[in-house]
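K.L.:
With the hints as extra help, turn the sequences into a complete structure.
Respectively, the protein sequence lines represent chains D and X. For the first sequence, the tail end lands on 1424 under my numbering, and the numbers increase by one without skipping. For the second sequence, the tail end lands on 1424 under my numbering, and the numbers increase by one without skipping.
The reader is advised that the hints may include incorrect statements.
Pairs count within a copy or across copies, as identical chains cannot be separated in the list.
What the hints assert, rightly or not - Cut-off 30 Å, straight-line C-alpha distance, at most; resulting in silico cross-link-like pairs (DSSO-like, lysine-lysine):
#1 Lys1372 to Lys1347
#2 Lys1267 to Lys1315
#3 Lys1347 to Lys1315
In short, the hints are calculated from the structure, not lab data.
There are 2 protein chains.
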Amino acid sequence: MEEMKQVLHAIQDEYPDDFAWCYGCGRLNTEGDHFRTGWDGNRTVTFYKPEEKYTSIPGFVYGGAIASLVDCHGTGSCSLALHRKNGFEPGDGETPPRFVTASLHVDYLKPTPQEALLKAVGTVEEIHPKKWKVTVEVYADDTLCATGEVIGAVMPAIFGQQ
Amino acid sequence: MEEMKQVLHAIQDEYPDDFAWCYGCGRLNTEGDHFRTGWDGNRTVTFYKPEEKYTSIPGFVYGGAIASLVDCHGTGSCSLALHRKNGFEPGDGETPPRFVTASLHVDYLKPTPQEALLKAVGTVEEIHPKKWKVTVEVYADDTLCATGEVIGAVMPAIFGQQ
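P.N.:
Shown next, in the form of structure tokens:
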């Protein structure tokens, strides 16, 4: 099977406009990172080429950018999974559920080289009808540089969505 | 005692130029956040007013920006603590040790309002001569919005520092 190099149908493409301003993954935030998360079989993927400004030590990617990738990849993965559970896929034109991050964890295993294409791979598990857990691996080309875990919760009413 | 509103002597002011390019806390990264971390008694503090672009849902701060704050506040706090253990304070003109993040954890307790001044407060503990743990609380004005934990490790040689 050919290795996937980009996400065709991203869940973030389907968020309503009012919820598409996230610095990490909002398609309407012109200054943001525009993470796009989709299915690759039963796993979720986000590809990301960090801009040069996101440096930690020159030559290596800023840990906060990796944390942001894990964060938005996590909430996007939760949204993909609940949307699929409800019978839908991105591209269907159905509005997906929107999640917020309850907790974020990242273990930095190796310095992440700045010239590499990053790929976050997620495994999603329902732990409660409104709470999902995503286990994340972040690769720089083929090297596993970080692992993470996101607990996502269905967006509460305080954020304006009902 | 009067409440502290800014950091006078930040540890990041003392990093060598080669290690002052971090997107989060590097004073030489013109596009970055310029987090500055200092002592407030035996606790560490970083103040931060996020730019408007760092939105999640309009009105609320992007979780990745909060993770970045916790991350750099954590490594800065480790550096402050080991520097103090070695007998130095920022402002002394001594080069402090530089840390990298081994792991980062953030629990998002409440949506963080975008207009507030954020304050990260850290408690630092040595868990190994080269590894320190920082417990972090993030306040928006007086409201505790997130808690976190950073494990920082003395920067390994692979990053170019000996």
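K.L.:
Please work out whether the CA atoms of Lys1267 and Lys1315 approach to 30 Å or closer within one copy, between two copies, in both situations, or in neither?
P.N.:
Both, since 23 Å and 28 Å are each at most 30 Å.
K.L.:
At most 30 Å between CA atoms: does that hold for Lys1347 and Lys1315 within a copy, between copies, both, or neither?
P.N.:
Close neither inside one copy (38 Å) nor across copies (33 Å); limit 30 Å.
K.L.:
As a check of your reading, is Lys1372 near Lys1347 (CA-CA no more than 30 Å) within one copy, between copies, both or neither?
P.N.:
between (35 Å within a copy, 27 Å between copies)
In this structure, only the earlier hint numbered 3 is contradicted, and the remaining ones agree with it.
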